[in-house]
Each structure stands twice: as structure tokens, then as C-alpha cells.
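> Sequence:
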Amino acid sequence: MKPFSEPIYVTRAFMPPFEEYQELMRGVWERGYVTNNGPLLKQFEAELAERFGLDGTIFMVNGTIALHLAIRALELKGEVITTGFSHPVTTTSIMWEGCTPVFVDVDPGTFCIDPALIEARITPRTTGIVATHVYGIPCDVDAIADIAKRHGLKVLYDGAHAFGTRLQGRSILNFGDVSTTSYHATKIFHTVEGGSMHARDPELHKRLVLLRTMGQFGEEFFIPGMNAKNSEMHAAMGVANLKYYDEIMAARKHQWQLYFKLLKDSPLQLAHVPEGIEYNHSYFPVVFRSEEELERKRKFLNDLNVFPRRYFRPACTQLPYVKQAGTCPISERLANSVMCLPMYHGLEDASIERIADMLKEGL
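Numbering (the working numbering), first residue to last: 10 to 372.
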């Protein structure tokens with residue numbers, strides 16, 4: 010097979026027209042107001058809340074710190090139930106906040122935490138559940154809510170991949186006590202660097218805002234916080250990109266559906282997206298029969314100038330700094346056999362068709 014003339018990476022950031030971003034930046038220059046909850050940040054938060062019906066939107070520096078502050082605001086202590094398959098940050102945020110992660114395996118189809126396995130891992134020391142909407146596919150939020158209610162637990166959702174996904178007519182970020190997301194440049198919608206926290210409860214929302222701003226309101230300090238504010242420059246990228254949200258999402262859905270059409274009859278396992286979900290189509294993971302097969306195919310694609318990514322690896326239970334994690338066999342199998350294919354705005358159908366052919370070659 011003939012290689013691509015230019016490299017095709019797993020993702021590429023959508024960029025709005027330069028002139029539109031420049032115009033927003035002109036206002037920043039004229040105002041001389043570059044950070045500390047500026048007018049563009051307030052505008053971006055308001056537009057997110059209005060357009061997507063988001064509860065208590067708090068724009069901040071990134072999705073990682075959003076998790077840390079959410080755990081702190083929820084006052085989680087002791088043991089925290091979490092998923093065996095996610096970005097390591099989901100686990101490390103729990104550990105950084107002085108809690109012990111207790112891992113639960115995932116559903117083999119959706120790759121999200123399996124609610125049927127949660128209760129067996131709950132102990133008197135358990136205070137919360139931190140679950141990830143993996144690849145933007147929602148967790149079983151109703152089942153998790155029922156478990157949390159029965160055991161008096163707080164629920165935090167890591168929605169780093171989930172911006173734009175809707176469930177039961179609502180943004181997926183409106184579920185749980187707190188939900189977080191990421192607007193990193195690798196995400197389907199981005200502010201270059203950024204993230205947000207969402208909480209319905211007014212008192213919890215107020216606490217999250219204080220934690221983001223060093224515990225300060227006006228000239229007074231109320232709680233120990235940190236500087237997790239984001240800048241007008243990043244908010245400007247969010248405002249500019251929001252104008253193209255529908256276009257971005259429609260293009261990504263088309264790419265995802267094309268990959269699915271081309272690969273659904275192959276030996277590869279594809280992610281299961283449950284019925285009734287408005288999915289954001291943020292990733293296209295494929296699961297191989299073995300790690301050996303995955304690595305052979307990845308090298309083959311790399312030689313043809315295509316660069317998919319193993320995402321996530323290792324499983325959270327296999328992180329070198331996690332002690333006494335137990336095992337999550339499905340999570341560990343996925344970590345050794347899953348790879349995400351290139352998808353980004355502007356990737357042409359012909360390129361996707363060639364990548365699919367390359368992928369199926371020799372399977």
C-alpha cells in the first residue's frame with residue numbers, strides 16, 4: 010500500500026478563522042483585562058450554560074485540576090470507588106487528594122464502569138464514586154445514582170471526553186453531584202487549555218468557585234483554595250469555537266459513522282453506544298484480539314504515515330504508583346488491545362477509507 014504523503018495523526022485541533030480570534034483579542038488588548046474572571050470568561054461561561062443547559066458552569070485552567078477541586082469540594086475521604094479503565098489522571102486526582110482508589114472493572118461493550126460490580130467494593134470507609142464517561146460514552150448514571158443514594162455516597166463524573174454528549178435530553182455534564190470536562194486542544198471542542206466544573210447545588214457551586222480562586226471573594230478569603238483561573242486568551246478561543254460547534258459535531262459524526270460502516274464487519278471489536286444517547290462521537294476506538302496484533306498493525310500504519318494512539322494504557326490498576334489495586338481483567342485486556350483511530354476536522358472521507366483498508370489488511 011502507498012503511504013500518505015503527509016502524516017495523519019490521531020487528532021488535530023480545530024482552529025477558527027484567525028481574523029475572528031484576532032478580533033476577540035483586540036478587545037482584550039484594548040481593555041487590558043487578561044485574567045481574573047474577565048469579561049470574555051464570563052461570556053464564555055454564560056454561552057456554555059445557555060446553549061447546553063449546563064448547571065453551575067465554572068471555566069478553569071484544565072480538566073485535571075477540575076477533578077482535584079471537585080474531590081476537595083465534595084470532601085471525599087478514605088476510599089473512593091473508581092474505574093479500572095481511564096486516563097491515569099482519574100486515579101491520580103483521587104490519590105493527590107489523600108484518598109485511596111478502589112477499582113471496579115468496566116462493561117466490555119461501553120468501556121465504562123460496570124455498576125453491577127460497584128456494591129461489592131463498598132466498605133464503611135467508602136465516601137464517593139468517581140466514574141469516567143469513557144470516549145464520551147455515558148456511564149449508566151441511573152444505576153450509579155441508585156447505588157450512591159442507598160449508601161450515602163457522593164458521585165463525581167470525569168467527563169473529559171464527553172462534552173456535547175446528551176442523555177435523557179440533558180447534557181451528560183448535568184449528572185452526578187459534580188461533573189468535570191476538558192477543553193484541551195486534543196478534545197472535540199477546545200480552548201487550547203481549559204476545563205470546567207458543573208454543580209447543581211448552589212452551595213457546592215459557591216464552594217467550587219472559591220476553590221478555583223484561592224478561596225477568595227472580593228478582598229476576603231474564606232477557604233483554602235488554589236489559583237485555577239483561566240485567562241481571557243483561552244476564553245476567547247472558546248467563544249470563537251462555539252460559533253462552529255454544530256459544524257464540528259456534524260463533521261465528527263460523519264467521520265465516526267464512516268469508520269463504523271467500513272469496520273463493523275471486520276474482526277475488530279467496536280465500542281457499543283447504547284440506544285437513546287446523543288453521542289458526541291469524540292473517539293473511534295478499536296479493540297484487537299491481542300496486544301501482539303495491535304502492535305503489528307500499529308507499526309504497519311506508522312510505516313504508511315498514519316499515527317493512531319493507544320488510549321488508555323496502562324490500566325489504572327497497573328499504574329506503577331498504585332499499591333494493592335487488585336485486578337480488573339476487562340480493563341487490563343482493553344488497555345493492552347485498544348487503539349484510537351485518527352479523527353479530526355478536515356480529515357477527508359478518502360483518507361478514512363484508506364485508513365480502514367490499511368487496518369483490515371492482514372487481519
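Be careful, since some hints might not be right.
To be verified - So the derived label-pair ranges between C-beta atoms look like this: (1) E304 / G335: 21 to 31 Å; (2) G87 / L271: 22 to 32 Å; (3) G41 / A125: 52 to 62 Å; (4) Q327 / A359: 35 to 45 Å; (5) D312 / D255: 32 to 42 Å; (6) K369 / G41: 33 to 43 Å; (7) G371 / Q225: 28 to 38 Å; (8) E304 / F269: 22 to 32 Å; (9) K369 / E84: 49 to 59 Å; (10) G118 / L271: 11 to 21 Å; (11) Q327 / K262: 26 to 36 Å; (12) M34 / A125: 46 to 56 Å.
Stated by the list, open to error - Straight line, CA to CA, 16 Å or less: simulated EDC-like cross-link-like pairs of lysine to aspartate or glutamate: (13) K163 / E202; (14) K215 / E84; (15) K252 / E59; (16) K252 / E88; (17) K158 / E202; (18) K163 / E39; (19) K308 / D366; (20) K238 / E202; (21) K163 / E88; (22) K273 / D366; (23) K215 / E88; (24) K270 / E212; (25) K215 / D255; (26) K252 / E84; (27) K308 / E287; (28) K262 / D151; (29) K369 / E284; (30) K262 / D149; (31) K215 / E202; (32) K238 / E32; (33) K332 / E84; (34) K273 / D210; (35) K252 / E32; (36) K215 / D151; (37) K11 / E302.
Keep in mind the hints are simulated off the structure, nothing from the lab.
C-beta atoms are modelled at their ideal positions from N, C-alpha and C, and glycine is treated no differently.
> If a hint holds in the structure, say so; if it doesn't, say that too.
Hint by hint, here is what the structure shows:
| no. | hint | result |
| --- | --- | --- |
| 1 | E304 / G335: 21 to 31 Å | 27 Å, holds |
| 2 | G87 / L271: 22 to 32 Å | 47 Å, violated |
| 3 | G41 / A125: 52 to 62 Å | 56 Å, holds |
| 4 | Q327 / A359: 35 to 45 Å | 38 Å, holds |
| 5 | D312 / D255: 32 to 42 Å | 37 Å, holds |
| 6 | K369 / G41: 33 to 43 Å | 56 Å, violated |
| 7 | G371 / Q225: 28 to 38 Å | 60 Å, violated |
| 8 | E304 / F269: 22 to 32 Å | 24 Å, holds |
| 9 | K369 / E84: 49 to 59 Å | 50 Å, holds |
| 10 | G118 / L271: 11 to 21 Å | 20 Å, holds |
| 11 | Q327 / K262: 26 to 36 Å | 33 Å, holds |
| 12 | M34 / A125: 46 to 56 Å | 50 Å, holds |
| 13 | K163 / E202 | 28 Å, violated |
| 14 | K215 / E84 | 14 Å, holds |
| 15 | K252 / E59 | 14 Å, holds |
| 16 | K252 / E88 | 42 Å, violated |
| 17 | K158 / E202 | 35 Å, violated |
| 18 | K163 / E39 | 44 Å, violated |
| 19 | K308 / D366 | 15 Å, holds |
| 20 | K238 / E202 | 11 Å, holds |
| 21 | K163 / E88 | 12 Å, holds |
| 22 | K273 / D366 | 13 Å, holds |
| 23 | K215 / E88 | 25 Å, violated |
| 24 | K270 / E212 | 47 Å, violated |
| 25 | K215 / D255 | 31 Å, violated |
| 26 | K252 / E84 | 37 Å, violated |
| 27 | K308 / E287 | 34 Å, violated |
| 28 | K262 / D151 | 26 Å, violated |
| 29 | K369 / E284 | 27 Å, violated |
| 30 | K262 / D149 | 22 Å, violated |
| 31 | K215 / E202 | 23 Å, violated |
| 32 | K238 / E32 | 23 Å, violated |
| 33 | K332 / E84 | 23 Å, violated |
| 34 | K273 / D210 | 42 Å, violated |
| 35 | K252 / E32 | 14 Å, holds |
| 36 | K215 / D151 | 26 Å, violated |
| 37 | K11 / E302 | 21 Å, violated |
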